[in-house]
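2 protein chains.
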Amino acid sequence: MMESPFGKHILAEYFECECTYLDSEAAIRNLMLEAASRSGATIVGNIFHHFSPQGVSGVVVIAESHLAIHTWPEFRYASADLFTCGTRVDPWIGFEYLKEKLQSKKWVSKEITRGTAEEELASSACGGKAVSG
Amino acid sequence: MMESPFGKHILAEYFECECTYLDSEAAIRNLMLEAASRSGATIVGNIFHHFSPQGVSGVVVIAESHLAIHTWPEFRYASADLFTCGTRVDPWIGFEYLKEKLQSKKWVSKEITRGTAEEELASSACGGKAVSG
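Protein sequences, first through last, are from chains A and B.
Each residue of the first sequence is one higher than the one before, counting from 6 in the working numbering.
Each residue of the second sequence is one higher than the one before, counting from 6 in the working numbering.
What the hints contain is simulated information worked out from the structure, not anything from laboratory work.
Heads up, the beta-carbon is just placed ideally off N, CA and C, and yes, glycines get one too.
There's no promise every hint is true.
[What the hints assert, rightly or not] Interface residues of chain A toward chain B, partial, derived using beta-carbon atoms under 8 Å:
#, residue
1, Leu27
2, Asp28
3, His75
4, Arg119
[Unchecked claim] In the DSSO-like style, the derived pairs of lysine-lysine whose C-alpha atoms are separated by at most 30 Å in a straight line are:
#, chain 1, residue 1, chain 2, residue 2
5, A, Lys115, B, Lys110
6, A, Lys106, B, Lys104
7, A, Lys111, B, Lys115
8, A, Lys110, B, Lys115
9, A, Lys115, B, Lys104
10, A, Lys115, A, Lys104
11, B, Lys115, B, Lys104
12, A, Lys104, B, Lys115
13, B, Lys110, A, Lys104
I would like the entire structure built from these sequences, with the hints used as guidance.
Take a look at the structure:
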């Protein structure tokens, strides 16, 4: 079962990164899995793709939503999304971990609230699971 | 090669959805692949997961970034991300398609600009590919 639909979504732009990881699918996958673990997330799957001639895209699906990354080695730039629902996971730990590992010298981050509190949604349900009372 | 690092990211919340698709991994996958195609995106991979007892999460990785969805049938709610780089893809087509298919009666959308123009990044590069002149 997924976490509460109320979540935090960090949109991160990492500029002026070191080149070490940016073009390696394996390295970026490891970074993202580690970012998910450190944030306290439960990993349910992942998919990564290396572009020709360069660049990596990938997503870690977690029980609490997802973490995504896209890298542009030609611009020493990576964008990342850390979207986590519920209250047990802290996406900012993942954000800091990625910043440190990518050695980004300039970054921008935004936190957006996703969904809404369960109480506000409690009157809606599929499959006869509506809350009564 | 991935598109320009300058992109649009739509964060969508679909409330009061019909139940038809929300708990079906196959249906949600098809919707998302179709949303990507209709937006003009080039699909490079996808991953979907059905949660127990209910809910689906999934991501379509595209050459222009990604489309992601998380559904909560118990709240008739789905969140979606449509993140597309470059100028050839229109994520709003995907947004409208999902809204229509999910039959959402109430929705919230936000468009966020990601990355930055290539010109501003041109002085940075990995692997000796720096732009000169």
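task: Could you tell me which of the numbered hints above are not met by this structure, giving the numbers in increasing order?
output: Checked against the structure, the hints that fail are numbers 6 and 13, while the rest are satisfied.
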